[in-house]
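*Asks:* Protein sequence lines correspond, in order, to chains A and B.
Straight run, no breaks: the first sequence in my numbering ends on number 328.
Straight run, no breaks: the second sequence in my numbering ends on number 465.
For the record, the hints were derived by calculation from the structure and aren't laboratory data.
Everything numeric in this text was worked out from a predicted model, so none of it was measured.
There's no promise every hint is true.
[What the hints assert, rightly or not] Incomplete in silico selection of chain A near chain B, CB under 10 Å: (1) Cys15; (2) Asn105; (3) Asp271; (4) Asp297; (5) Gly304; (6) Tyr307; (7) Ser314; (8) Ile315.
[As the list claims (entries may be wrong)] Cut-off 20 Å, straight-line C-alpha distance, at most; resulting in silico cross-link-like pairs (PhoX-like, lysine-lysine): (9) Lys414(B) / Lys219(A); (10) Lys235(A) / Lys216(A); (11) Lys414(B) / Lys216(A); (12) Lys209(A) / Lys235(A).
[Claimed, not checked] Sample of chain A residues lacking proximity to chain B, with all beta carbon distances greater than 12 Å (derived): (13) Ala33; (14) Glu53; (15) Ser72; (16) Lys235; (17) Asn250.
We treat Cβ as the ideally placed atom computed from N, Cα and C, and that holds for glycine.
Here are the chains, one letter per residue:
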Amino acid sequence: MVVKPKVAIYWLGGCGGCDEAIVDLNEAILHVANAVEIVLWPVAMDFKYSSIEKMNDNEITLSIIHGNVRNSEHAEMANLLRRKSQLVLSFGACANYGGTPALANFRSKSDIFNWVYRDSPTVVNPKGVFPQTISETNGKTLTLPEFYEHVYALNQVIDVDYYLPGCPPPPDLIVNAVSAVLSGKLPPKGTTLSPHMAMCDACERNKTKPFKLEIKEVKRIHEVDMDNETCFLAKGVICMGPATRSGCGNTCVSTNTPCRGCFGPVSHACDSGAKFLSAIASLLQADSDDQVEQVVDTVVDPAGYFYRFTQAASILHKFDENTNRRCP
Amino acid sequence: MDEYSPKIICFKCNFGWGYLDDKKEINAVMKSTVPVTCSGKVDSTHILTALKEGADGVLVLGCSQGECHFQDGNYQTGKKILLIKKVLTSFGIEPERVRMVFSVDPDGIKVPLEIEEMRNEISSLGPINIGKCAMAS
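Could you put together the complete structure from these sequences and hints?
*Replies:* Quick look at the structure:
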């Protein structure tokens, strides 16, 4: 009997859309399923964590992990899969850069708990009950994972071999990534498995970009009469294309939605939010010096917009050895 | 314990600030001064990295408005600074920690004075706390 490579697919702090993207491979997933033995995929099949714990180290050929690390259960499973796997693929925006859930890093844990369990208008909690990691009930001890102070990208918790960006990653890149692993034709460790150029280079709307782009007032998408061809920035609508990696298949821009930046920074850039900040700043134009601040103020919530998917991997919040921003 | 003194990183345009001065002398006095060919060369990643690596404040010295040697580099970075201040606020970092001054000082005499002035003004903020959340209760 031929021994098939073992593959695990697991979700941490995410919405499950990445699992959906794998299912969206349609018939192609049958070929993948024939070529490998899936040992863990909670969203689609029934497995026990204990069976993974019993496996030998490096027994799993590839672990596809999506979602960020928000609590101790996520960290435990990420570490377990890292130990049991030869290769770990960080899959999707949440695993790669924190994703939209990492916008919670703009708030503290206590702020989040107070809102969710006490202050939100729909909450009735007269006893002020807050979730505890350990609680005693009827002589039994109940435990919950610890909710961390911070949302972490996967590579801030475990060593990652390859990255596949996107919210979620598109089917063609998923097939390419899995095929590369199965065929053994792998690029150097640490490679992001998508094209290197910026989104603008792959955008059809680029043709309509004027020679000199000037934005005198930033507009929201519903405030402009948008057609299917014009560059969003030319209309004053913020589009993260200049600072975002391409490869998504232009699904947003082809449906009249500006790029939100889910593919993260282009290669050699470490912080797409900061890079986009520089880009948009140079496009803002005021009629006079005393109106500069007024024009800049038309950018609503710049941090939330520029770091929509990448807050956890931003220069200011990313993990490094010189700081104490280490996952517990 | 020594009195706290904020660490200031200063990016200084070479065309407007201290181009007549003795570079060795000025650099010896101000070890955290980074001479740049134009203040427009200062990218947001430079400023954020300086703060991340331990600077309590970042000062950018650019030419007076309309006097940039490269047309409008100072104007471009001025807009970056305004946006960075807003972004820093969301990250829980006081916007006063980043400042830009538009002026011309060929002798560079004002450079240490500007640094000292910023140091004094942000000393009440204390050391930078990158991990702090903007809305922390």
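*Asks:* For each hint, tell me whether it holds in the structure or not.
*Replies:* Hints, verified against the model:
1. Using the Cβ-Cβ criterion of 10 Å, the hint placing Cys15(A) at the interface with chain B is not satisfied: the shortest such distance is roughly 23 Å.
2. Hint on Asn105(A) holds. Least Cβ distance to chain B is approximately 7 Å, under the 10 Å limit.
3. Interface restraint check for Asp271(A): the shortest CB-CB distance to chain B comes to about 6 Å, inside 10 Å, so the restraint holds.
4. At its closest, the beta carbon of Asp297(A) sits 8 Å from a beta carbon of chain B; the interface hint therefore holds under the 10 Å criterion.
5. Against a cut-off of 10 Å between C-beta atoms, the interface hint on Gly304(A) holds, since the closest Cβ of chain B lies about 7 Å away.
6. Against a cut-off of 10 Å between C-beta atoms, the interface hint on Tyr307(A) holds, since the closest Cβ of chain B lies about 8 Å away.
7. Among the interface hints, the one on Ser314(A) holds; its C-beta lies about 8 Å from the nearest C-beta in chain B, closer than the 10 Å criterion.
8. For Ile315(A), the interface hint holds, since its Cβ comes within 10 Å of a Cβ in chain B; the closest pair sits about 4 Å apart.
9. With a C-alpha separation of about 18 Å, the suggested pairing of Lys414(B) with Lys219(A) holds against the 20 Å cut-off.
10. Among the hinted pairs, Lys235(A) with Lys216(A) is consistent with the structure: their alpha-carbon atoms are about 10 Å apart, no more than 20 Å.
11. Proximity of Lys414(B) to Lys216(A) is assessed by CA-CA distance (about 18 Å); at most 20 Å being required, the pair is judged to hold.
12. Annotation: proposed proximity of Lys209(A) to Lys235(A) holds, straight-line Cα distance about 10 Å (limit 20 Å).
13. Against the 12 Å criterion, Ala33(A) stays outside the reach of chain B, whose nearest CB is about 43 Å from its own CB.
14. Distance to chain B confirms Glu53(A) as a non-interface residue, since its nearest Cβ pair spans about 33 Å, more than 12 Å.
15. Once the 12 Å rule is applied to beta carbons, Ser72(A) is consistent with being away from chain B; the minimum gap is 19 Å.
16. A cut-off of 12 Å between C-beta atoms confirms that Lys235(A) is not in contact with chain B; the least separation is 20 Å.
17. Every beta carbon of chain B lies more than 12 Å from that of Asn250(A), the smallest distance being close to 27 Å; the non-interface claim holds.
The structure fails hint 1 only (numbered hints given earlier).
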